[in-house]
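Peer 1: Each chain, written out:
There are 2 protein chains.
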Amino acid sequence: MSALENSRVTGVLLDVSGVLKDGETAIPGSVEAIRKLREAGLTIRFLTNETQMTRRKLAASLIDLGFCLQERDIIPPCPALVTLLKRENMRPHLLVHPDILPEFDGIDKSNPNCVVVSDAADNFTYENLNEAFRVLINMEKPRLFSLGRGKYYSDNGGLTLDVGAFTAALEYAADIKAEVIGKPQPEFFMSVLRDMRVEPQEAVMIGDDIVGDVGGAQNCGLTGVLVRTGKYRSSDEKHPTVHPDAIVDDLAQGVDLILKSRK
Amino acid sequence: MSALENSRVTGVLLDVSGVLKDGETAIPGSVEAIRKLREAGLTIRFLTNETQMTRRKLAASLIDLGFCLQERDIIPPCPALVTLLKRENMRPHLLVHPDILPEFDGIDKSNPNCVVVSDAADNFTYENLNEAFRVLINMEKPRLFSLGRGKYYSDNGGLTLDVGAFTAALEYAADIKAEVIGKPQPEFFMSVLRDMRVEPQEAVMIGDDIVGDVGGAQNCGLTGVLVRTGKYRSSDEKHPTVHPDAIVDDLAQGVDLILKSRK
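Line order of the protein sequences matches chains Y and W.
Counting from 1, one number per residue, gives the positions in the first sequence under my numbering.
Counting from 1001, one number per residue, gives the positions in the second sequence under my numbering.
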C-alpha cells in the first residue's frame, strides 16, 4: 500500500457489485467498512456501471443489506446518458434491462436514430440482438451508446457476460465503434469528482474490475485499488497494462488501509 | 470486368447463400448460370461458410432448387475443423446449430479443452453464450474455434447477425483471439484450389461478402467478384480496404462475363 501511505485521501469512490455485494448478498465486512469511512468524514460515492435496475431500486436494495447510503450517493451511467440523449436530440432504440426502462420515460423513442445497449441480461435474446443490429445497419450514420463496457461480472459466484460482450458483437457486425457512458470513460470519473469537490490525487477508487475500475481511475489520476472479491481472478494481478496501486483481500481491508494512511 | 478480360479462367469458386439462393429461394438466373459453367467445362466448387446444416442436407436442398451439383462439390468449413480437432486432440464444447451436430459424431466432447462456435442461430441464447463463456474463462489456455467470421447474412431478404458477431462477443469477454476455420482464412481457399488442381491466377471467386469472399480470395491471388445480391449493400462498393476485380448484378451476369473472357 505504499501508494497510499503519503497521500491525503479525502474522497473514496466505490464500485458496488463485487465490492459491496455479490449477487444479493453483502460481502462480509463491507457494511462495517462503509460505516467506518463515514465516521472518518470521507466523501463517498458509489460509482457503478449497474444497469439492471434503477438508481432508486439499487439504493433500496443496498439499504436493505444494511449499507448506510442515500440514493444520490449512487452514480450509475444511465442519468448521464439520458442527459446526453436529450442534448443531442437522440431517439434511442433500447436494448436494455426491462427494470431500467423507467429511466427513459420522457425520451422520444419513435423512429430511432441511435441504439442504446446496457446489461440487458435475459433480454439479450438472439431476436433482440438481431433487432438492434437491423436498426443500426439501416441508419445512415449509426450511433451506438453502451452503458459501460465490462467484460463479465460475478453474479452469486458465477461469471456472467456483461454488456461489453454484446456491444462488441454489435460493433463487429455493424462495423462501428460504440460510445461508452460509464466506467472507464474519463468524463464519468471526472464529473463525479467535480460533484464531490475532490481532486483526483486525493481520491481512491476501489473496485473488482481491473480495467473498468482500477485502470479507469488511474487514467484520471486517482489511486486505484483492486479487491480480491467479486469477479477478481488471480490472473488480474498479472494484467499486461493495468497495475493497481494496491491489491487488498476485500473492501474491509482496503478501507482499513485508507484510514491508516490518514493518521 | 477488365481484370477478367485477359485471364485464363479454369476454375470458379462460388459462395452459396446470397449468390445461388437467398433463404430458401433460388436467385433468378443462378440455376441456369451453373449449368452454363458446367457446359463450358470449368471446374466448380461451392465454397461456403454455411454451418446451419450438414453438407449432405445443403447439397440436397440445392439440388431441390434445381442446381446441378454433387455433395462433394460443396466445401463447408466443418469437415476441416473436425480434421483439426482430431489431429490436435481437442475435445470441443459446441455452440453450434443443432442440425450440424452429426458432423461431430465420433469426437470426444467430455471435459472440453476448447469451444467451437458456428452460426448457431436460435441457439445463440443468453444462456448458451454464458455457458460457452464460462467454459472458456475456466480454461488455463482458452482456445476458441470459429467456423467463419461473417458479420451478417441475408435470410429471405432480412439481415441477420452471423457467427462473427458472437465470436467477437466471446473474444472480448474472454480476452482471446478466435482461430477461424472457413472464409476468409487463406488455408481454406488454398486447400480447395489444390483439390481442384487450379492455380490461384486461373480462379475466380464470386460472392456477396466483400470481406469474406472477395477480400479473402484476392488475398490468395484469385480474382474476386462481388454480386449485388444477398447481403450486398451499396456501401460495399466504397469499402475502405477491399476493391473487387468486378462487381456484377448477379451470378448470371458474373458467369456471362467469365465465359466471354474465355473466348
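One or more of the hints may lead you astray.
Straight line, CA to CA, 27 Å or less: simulated DSS-like cross-link-like pairs of lysine-lysine [as the list claims (entries may be wrong)]:
1. W:Lys1036 x W:Lys1057
2. W:Lys1238 x Y:Lys177
3. W:Lys1260 x Y:Lys177
Calculated directly from the structure, the hints in this document are not laboratory data.
Peer 1: Does the structure break any of the earlier hints, and which numbers would those be?
Peer 2: Per hint list: single violation, 3.
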